[in-house]
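Student: Read off the chains here:
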Amino acid sequence: MNAQTVDTAENTGPSQSAQMRRRIFRHFGLLIGGGILIAIVLGALLAGALAPHDPYAQDLANRFADPVWKEAGSWEYILGTDHLGRDYLSRLLYGARISLLIGLVTALISGVIGTIMGVSAGYFGGKVDAVVMFLITVRLSMPVVLVALAVVALFGGSLLVVVTVLGLLLWDRFAVVMRSSTMQIRGLDYVTSAKALGCSTLRILLTEIMPNVLNNLIVIVTLEMAHAIILEAALSFLGLGVQPPLPSWGLMISEGKNMLLFEPWLITIPGVALFALIFAINMLGDGIRDVTAPENRN
Amino acid sequence: MLRFFLKRLGLAALVAFTVSLISFSLLFLAGDPAIALAGEGATDADIEAVRIQYGFDRPVLEQYGGWLGNALTGDFGDSYYFKTPVIHLVAEKIPITMTLGLCAISFAILLSIPLGVLAAVKPNSLIDRFALFLSVIGQAMPSFWFGLILIVIFAVNLGWVPVSGSDSWRHFILPTVVLGYYATPAIMRLTRAGMLEVLRADYIRTARAKGIRPGKVLFKHALRNAVIPVVGLTAVQLGFMLGGSVIIESIFALNGAGFLAFESISRNDFPTVQALILIFSLIYVLLTLLADLLNAWLDPRIREA
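Chains Y and A, in that order, are what the protein sequence lines are. Read in order, the letters of the first sequence correspond to residues 360 to 657 in our numbering. Read in order, the letters of the second sequence correspond to residues 180 to 484 in our numbering.
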């Protein structure tokens, strides 16, 4: 959009989509978050092409090679190698796949559970609401990290177990937010008129309620993705999550921990990657909230 | 008030009961504890003997009933690993976790409430942006990584504090900062939002118009009302911190209940894990109950609802 069109648009009153576009491109956090996230997603998708080495290939003669910015570093191993001589950059790129996968699948599972619970509680009220509220309270009272650790330990750590456990644990915020958003709109005229027209309950929920709580849903999806990614990293760090030799970032930090005193970059690099990913997702979530509902900004 | 109290107390008891039922069945669904206990290379007969010795051959509900009945009297059975009563183990470790939790929540309150107030008094100022920056960073920083980085900087390079252990107050400094920082963004945001809303209220304008000193208006009139939702959140955050202590205590080898939980999980010590899950949820339930009551006392409108 150039300045000329902005001016004329302002005079005649910009269209809704133009207003939206402008809000998006003026939102600093949204752009930064979106940019970093796109870069990480691309890195994960193109890991096969971008990674200079096989992330699992060990080279015991070349362990703890320094990254390129240190004196002994070389462009062959840009981010150095780990305790088994595996290329750190390649592991980092493939590790992004694990984090993104965990975030997406967990948010999907917990999103479906939480949305069904929250929307039904908000729409039907009464006994349904009481039961859902009770379940939310129970869930919040369970120490997530402890329960997740215990269950993963019992079932054995694998990507599938971690994703399932986190998905079954992290639905509380979806339920809380969907419940209150549904309550706010269930009494509005367009819902009443759909009822008067004789629409089935399912149809009202899907075509009248869902589209209007979608903005809030997307924001919670971003929050819970970030939450799941942090938890997976923490579980893997403690040895009760994704198992070696998978290049989970949490696992990389855990493996680098033994060399904390001598090679601190081993934990710094995957840590910064983790931080950047969480930061980007949070920024994106906040940005979406601001852009779609500017009146909600504090 | 009494009715409100009893209703909340009943709900809290029901929640704690449900949590114990879930955690018990989870550990059961997960497979045969006898195989894990008998260890590698055990014969079928060994496993069967372990099963009978620990009572795993009885129906699950019967086992749960027995466990719950004992748990109500404070008897959580013997630890599989230490062969001593679980309740003694927990009683020995929980003060350390409580100390850590209280230190961390105090740290979080001391950092976040003043920042939240200052940010609300001057929105979009430098201090508001600094507060926002801190909370954005805090939300994105994985706590275990933050802990490791602090160890590298303050314990290894500067040598100001010990790397790990729990023998003196100096061992608690880094864990307090890591755990407390984790709770800071939420408390700060809520304080800021509450203050922004309250500062627009008519009675604040009236107070100012009467010529009351700005500091007094801010802290006596405004903060008192803005802080009501923060009380509840703080209790909830303290509860979350107990869960987070599992990670933090493991990093710093702080010998509390969280570290015990982590080690017991690694050692398949089910009675200890079971007891700790129940105790952590009970503490959380009690904290939220306390917060509800405190809120009802601070704000009579809540009692009516």
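If you're looking for bench data, these hints aren't it; they were derived computationally from the structure. Treat each hint with caution, since some may be false.
To be verified - Covered stretches of chain A (chain Y as the covering partner; in silico rule of three or more C-beta atoms under 8 Å from a C-beta of chain Y):
1) 192-201
2) 285-291
3) 346-356
4) 438-447
Think of the CB as a built atom: it goes at the ideal place given N, C-alpha and C, for glycine as much as any other residue.
Student: Decide, hint by hint, whether the structure agrees.
Tutor: Status of each hint after checking the structure:
1. 192-201: Coverage by chain Y holds here, the residue count being 6 at a Cβ distance below 8 Å.
2. 285-291: violated (count 0)
3. 346-356: violated (count 0)
4. 438-447: This one holds; 5 residues, not fewer than the three required, reach chain Y with a Cβ under 8 Å.
When the structure is compared with the earlier hints, violations turn up for hints 2 and 3 and for no others.
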